[in-house]
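Chemist: Given next are the chains, with one letter for each unit.
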Amino acid sequence: MKEPTPSFFKAVFAIAHKDLAAEFRSRELLSAMLVFSMLVILIFNFALELDVKVRQSVTAGVLWTTFAFAGTLGLNRSMAVEKDRGCMDGLLLAPVDRSAIFFGKAISNLAFMLVVEAIVIPLYAMLYNETRIFQWEFLGVLLLGSIGYISVGTLLSAMSVQTRTRDVLLPILLFPVAVPVLLASVKASGGIVAGLPFEEILAPLNLLIVYDVIFLATSFMIFDYVVEE
Amino acid sequence: MQSKPMALTILDVLSIIGIGVATYFALVYAPTEAVMGNVQRVFYFHVGTAWVGLVGFVVAAVSGIVYLVTKDMRWDRFEVAAVEVSTMFFFITIVLGSIWARPAWNTWWTWDPRLTTAAVTELIYIAYFMLRAGIEEPEKRARFGAVYALLGGLSAPITFMVIRLFRTIHPVVVGTASAEAQGGFDMSGDMLTSMFVSLGAFTILFVSLMWHRIRLGGLEEKVEELKLKVSM
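Listed in order, the protein sequences are those of chains A and B.
Residue 99 in this note's numbering is what sits at position 99 of the first sequence, and the numbering runs on without skipping anything.
Quick note, this note's numbering runs 1000 ahead of the 1-based positions in the second sequence.
If you are wondering where the hints come from, they were derived from the structure by calculation, not from laboratory data.
These numbers come from a predicted model, not from an experiment.
Just so it is clear, CB atoms sit at the ideal spot from N, CA and C, and this is done for glycine as well.
Among the hints, erroneous ones may be present.
[Unchecked claim] Here are some, though not all, of the chain A residues that point toward chain B, as calculated from beta-carbon distances under 8 Å:
(1) 179
(2) 203
(3) 209
With the rest of the complex left out, here is chain B (with noise of 0.2 Å):
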């Protein structure tokens, strides 16, 4: 195993001084929301995880589809690393969202569509887990893997839409809905500032745990062909 790359220390460094920026433009540069009061600052966190969370899942769906044509194991896991990442980050999602939902709308949790898909998303990755332990074989794991998460992926989206029929009380943050919702507002060009703020600093973040887990991912693979080695 090679040591750490000169780039990924940066990635390191620059997602700490990222995440301490992105806190201190969320709690004290970005103005405190008229309505809602401090508790809204947890938006801006809540859409940097959710937004890394939903690019972590687009990511997975086209690995594994890389990975079924090319049947390089490099892919394979690349896609572990976008779920598992992913799957942590979408969990800080709902939870945050519930801390907001709590004053906002007065209940910590509502089945509106939203939150009804990350719901199912994260149970779809959560299965996705329980599906790769079950199968010992290396090779038949990353193609069973890949299989279920081109199908969640497939099916979030319609997860969505039919959803959207039930019921919706969550605010759209990008389009014109914003301020009509429960719980909704006009964001103010320092709020906006923060926001994207945010969102890059989890990107960051993002891209920096992923390269930890792909190395992790290639030790894993390395201890599995030494413990057959030894076995043998």
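Chain A extracted, bound-state conformation (with noise of 0.2 Å):
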């Protein structure tokens, strides 16, 4: 007879299989999150006349900013299409732990977030002849914050579609509390862009993979208690 409960890894692969397949067909967020941050860019550009001088020093936050907003595009989305069409309820109805859905969507949300990253960075490589970002430790750095950031987005998104509010209330929800994963961010890649010995964005660094260690495992924990019915 056939195992009636599926593995936990299984159903975690079939959760972000199907996202990223339906996101491959359509292509609906993907091409919205990359034009947006285009758009961030284009805007920081001329708000703050980014010149060679300014540039220096403000690389890592322009990108941070960017890729927050973005980043809350797709957990709006991703998460509005479950509860749209009663998705969610189905993904509920399975024989699976809770926790498996969690960690699907935030594998799919993380996903979209690296593929927005990966063709942003050579883009603005590209404009502002900035190489210094193409560093080993500068991708770590951004790997490190997406997970943070993705990790309470996905719990906090998946909070927010069930209220009234909906879509307006993540940023709200989400921003303060991954004020600190953001900071860190911009403070590791900005000391990594300015050349800094790797001892000096070794602080930022830790304090990165402690909020990421806490929040996923407490977004693992109580993930159960946001989508109970």
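Reconstruct the complex from the two isolated chains, following the hints.
Modeler: Structure representation (structure tokens):
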């Protein structure tokens, strides 16, 4: 007889795969996030007058602000599609641990964010002749920051879609809680762009890891309470 | 609804007397600070309100956890009361700090770790109320509120640690760095006494206000039930 309940990892993979496959076919979300990112950078370009001298100090900040904004767009959308046609109820009925749903959604959200970053970063480098962002350390910080942002963002977006104000509420809930991860990422990646020695960026990097661990664990534990009906 | 308990009435009276005494200690009893002068007297209430503000947020996060475990609505009322009273006290702290900062630092505001953390924390709890306002079902409202209070309580200390990497000029009250920071000062015995009087007075006031708010929460629930009954 076949096993009645699928394994945890299989369930996580199935949910992430479903999201990625749907996105790969429609490309609605990614294209919106990308165009939005471009627009934010365009606005920053004129708002901050990104000449060579200014760029030195604000590159990390501009990039992280862009990713944070684009990220909320993705988070909102990815939970809204689950809610709209009762998909979430279907997922909740599946005989798997609820945290598998969390990890599945978090992985697909992270994938969207990383794809956007993978396109925006080279573009930014090309536009501003900024090759210092192609360092392993910079990309590592980008990954760590995105993990922290997405882990708490996935949890909060699952909450905000169930409220009356929906999309409006997500950034208001998410940004104050995500302040540590954004600031630590800006500090660490800014240090890398400025060419500081590795020891100097160790402090924000450590805090980034601490945040990631704490919030992944917490979100994993309390996701149950957010989706129960 | 039972009538107002005796203990609460006593607490009310005590908190009125307490705030009066604390005002006396802050304005008359405490010596004038040598460098900053009389404006430093705002410090006693600044620390008092900040203390109860922080205690309230910890209480809220803990009662959020207890609610999620027990699913008892009384803990939700407890949590809302703590957040609501603390948000107000914290706002007063920020305003008083601003009044002090203007002469001491020559600016109303600076992006120092404590100030920034205070601002972010305040924003978290404003978001908390917006979240609650967007949900009709009481049970779901309580659940989401508890989750968010917990997340806020977790992220605030990390925010503080992260911003400390940027810069600081805020004096540390407990610890050694006190006099070195700009606007810091060494406290004399009388100043310390005044500070503790103010801490005590605000703690009593806080408990009393929270109790009132919890009772109010109970009444709110009753009204909601009655409304439901009438509409059926």
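Chemist: Hint by hint, note whether the structure agrees.
Modeler: Right, here's what the structure says about each hint:
1. 179: Where the cut-off is 8 Å and the nearest Cβ of chain B is about 5 Å from residue 179/A, the hint holds.
2. 203: 6 Å, holds
3. 209: 11 Å, violated
Consistency with the previously given hints fails for number 3 only.
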